[in-house]
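Could you slot chains C, F, R, S and P onto chain L? The hints should help.
There are 6 protein chains.
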Amino acid sequence: MLRNISLGTAVSEKVVLPNDTNHYSTIFGGTLLAWMDSTAFIAARKYAGNDVVTVSVDNVVFRSPLNVGDIVKISSHITFIGNTSIEVCVDVTSEKRKIIENAYFTFVNVDKDGKSIPVVQPSFKTKEEKEIYDMRKKQKECKKQAERLCLISS
Amino acid sequence: MLRNISLGTAVSEKVVLPNDTNHYSTIFGGTLLAWMDSTAFIAARKYAGNDVVTVSVDNVVFRSPLNVGDIVKISSHITFIGNTSIEVCVDVTSEKRKIIENAYFTFVNVDKDGKSIPVVQPSFKTKEEKEIYDMRKKQKECKKQAERLCLISS
Amino acid sequence: MLRNISLGTAVSEKVVLPNDTNHYSTIFGGTLLAWMDSTAFIAARKYAGNDVVTVSVDNVVFRSPLNVGDIVKISSHITFIGNTSIEVCVDVTSEKRKIIENAYFTFVNVDKDGKSIPVVQPSFKTKEEKEIYDMRKKQKECKKQAERLCLISS
Amino acid sequence: MLRNISLGTAVSEKVVLPNDTNHYSTIFGGTLLAWMDSTAFIAARKYAGNDVVTVSVDNVVFRSPLNVGDIVKISSHITFIGNTSIEVCVDVTSEKRKIIENAYFTFVNVDKDGKSIPVVQPSFKTKEEKEIYDMRKKQKECKKQAERLCLISS
Amino acid sequence: MLRNISLGTAVSEKVVLPNDTNHYSTIFGGTLLAWMDSTAFIAARKYAGNDVVTVSVDNVVFRSPLNVGDIVKISSHITFIGNTSIEVCVDVTSEKRKIIENAYFTFVNVDKDGKSIPVVQPSFKTKEEKEIYDMRKKQKECKKQAERLCLISS
Amino acid sequence: MLRNISLGTAVSEKVVLPNDTNHYSTIFGGTLLAWMDSTAFIAARKYAGNDVVTVSVDNVVFRSPLNVGDIVKISSHITFIGNTSIEVCVDVTSEKRKIIENAYFTFVNVDKDGKSIPVVQPSFKTKEEKEIYDMRKKQKECKKQAERLCLISS
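Protein chains in written order, with this note's numbering: chain L, 233 to 386; chain C, 233 to 386; chain F, 233 to 386; chain R, 233 to 386; chain S, 233 to 386; chain P, 233 to 386.
These are calculated hints, taken from the structure and not from any lab test. Treat each hint with caution, since some may be false.
When chains are identical, the list treats them as one kind, so a pair holds in a single copy or across two.
To be verified - Taking lysine-lysine and the DSSO-like style, the derived pairs with C-alpha atoms no more than 27 Å apart in a straight line are:
no., residue 1, residue 2
1, 328, 347
2, 278, 330
3, 344, 305
4, 375, 330
Next up, chain L with everything else stripped away, as it sits in the complex (with noise of 0.2 Å):
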């Protein structure tokens, strides 16, 4: 059986308070890492439909500044299930300026000892979904590699 990978999203908006941020009333790092770990979390279980824990974070680039009374939207979907591990891509904006884009936190899926155990593997519902399921794929599969060369030519 397979999951319709749309499944595997979720939306949250926030209102940077003072508690979130530092001395120069800009937003933490750390605090918006917290929210965005959570909102993927939410999209990871839902698709997953049981426990999951954190793996990994990956390409978090902030663009631009977040002060204290912004208001944040944070949306996060799935964009590669592996044979336990669940990639969500999460993007911040505020009003209409884009704070992070295509932030990856992948989760991996654990039974109730915290072992790791095979997630379902996803359906598409359009053309469109499959195709971009794909090239991030591709994307990893390069990135991977890439990133084993650099280790051996440095």
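Okay, now just chains C, F, R, S and P, sitting in the frame of chain L:
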């Protein structure tokens, strides 16, 4: 004037409390990310001597779970200085287990209006410090090129 | 100039963590109230375009408990605009269970000194939007009169 | 066996910290709601002698703003006992200003599985205590009827 | 002009939530210390009429553990006024158990630049109030001398 | 079997955020106390090898204020081992200023039911370690006697 790179180090030991965990008693990924950002921020601030803001997070891989009651040590040291940016490497260990190795948090040096400003270039006490620094520089360039290649090929 | 009422909507998905619960693992009422106020605040701020403060909370009824690990969706939309006030309706659901329906958070539009100032009046895209708005207006007037009556009679 | 209604009282004094405010230095509505729920919960738990959960919140009206640094006193006492429910009235004052008067938080008495169970009926020390109690009972019935009327008429 | 010493009192009732405990479900010492400091701070602020900062903490002894779900009452009252300082005694009880007795938090009265300034001297309503105050003064002097002795002798 | 006393050390570096301060931007005393208790707890746990709970706090003197944005270093090491208790000394510095020196947090070693159990006695690597330990023992005894005297005389 140069500044010794070893100025930019910070250590933080923590105990994982129920407050920090998800409902199956392992640490919430976002909590650990916030702790890491905070420890990296201190290393960057110590070196820069003034305000810095997080601009990117990369290569965070959780190798082993952290349970409630575990004591965790977060260590950070500077690995690269750009024109206006400071790259900090973060390691997380618990007792003798490695939890996270070589995660990279990059900060940009900012003035009071939040504009990026030049950061002082580093000096090195030992030959080894210099070699590690140069290796990381190559690795970063290699990775950048590879990422560009992967975007084109996919 | 009028502003479309549908501008004032906000959504926030959350996972209930141990941090949010009482000692029998169901959500602490105060935690959910704070989440609802925050999501309602965002809806009001988006419509008002400037600062707002909470002035009243009404009709919050918890129909079903929320347990640790549950994923919860908080949705808010504007139901009435007074001279200086904005009424926001908040709904909370978890999976398919209704947790809270039609709770009302009212905000007042304020200037930098915290004084109440007029809020722009709403326009409507559909006939239905207008009908719901007028019905809520009547309901509020009816309730106000009834409350006065109940105070006298008791 | 009856239990004296005055057992169900609680008081909490707090100072408003930056942590509790929005970006214009007045208390965040949700923070005060959480404090009120917590103080009402203590009153209900003291009377019930076992676990209770919040089931409804009503008539919270903020009469005056609270600023950072203000000292606030939250007082709660029981106003009505149903078969399985406990109604708690909450008042908030700061120095001599009334911030919130007669907000009502209702709790239900639950067993270990979260099922509602009967709560012991109240006794009264003074004639006045009994009169206030009876008046509140009438007021609640009147309000309930009025709300039904308003739903039909609108 | 003198000020009545009984102005400087504060009470706070709290319920111990999972959020406040270590991984074996008893309250984290640091959490209770923060609650005590906050309640003592309110007593000192009420008496001083302006800003105060904590300068010392002494004689905090936990006589009995606090478990998740316990209701705790923190009471504070002023025991001594120095030239610029205010000593506050803090007691913690839960149901009828004494958790902490006679812990002392001392605050210094500060102006807007954080410099210590004189604090108004106390008046007493009853003979007993005055006797307790004088006894505490002697006790403090005795303790100071003893500490000096112990440093020399060791 | 003895255990080396130097096992019981812990360090935590922190940055003071708006979240941690009162409304005049200096750290809230209770926040620093909680940080100190946490760092002392880690030192005690490392030495004990199992659960410990805070039993007393003594001699916390704030010599210098901490402002928002300050980087603070909290260091803890064991100074005395009783039959079932562990005394930890905590120092706090910021840049080169001493904030708090020689504050003492004592913990008791507990089993799973929270009962106090014997703690392993310490060994020493250097003569100096032993001398400091013995001096602290004398100082504690002296202080105890003095306190008794002061209670009688006043």
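Within, between, both or neither: residue 375, residue 330 at alpha-carbon 27 Å | The answer is both: 24 Å in one copy and 24 Å across copies each meet 27 Å.
Since the copies are identical, ignore which copy is meant and state whether residue 344 and residue 305 lie within 27 Å (CA to CA) inside a copy, between copies, both or neither.
-> Classified as between; 25 Å across copies, 32 Å inside a copy.
Up to 27 Å CA-CA - residue 330 versus residue 278, copy category = both (26 Å within a copy, 17 Å between copies)
Measure nothing new, just compare the shortest in-copy and cross-copy C-alpha distances for residue 328 and residue 347 to 27 Å and report within, between, both or neither.
-> between (41 Å within a copy, 21 Å between copies)
Consistency with the previously given hints is maintained throughout, with no hint failing.
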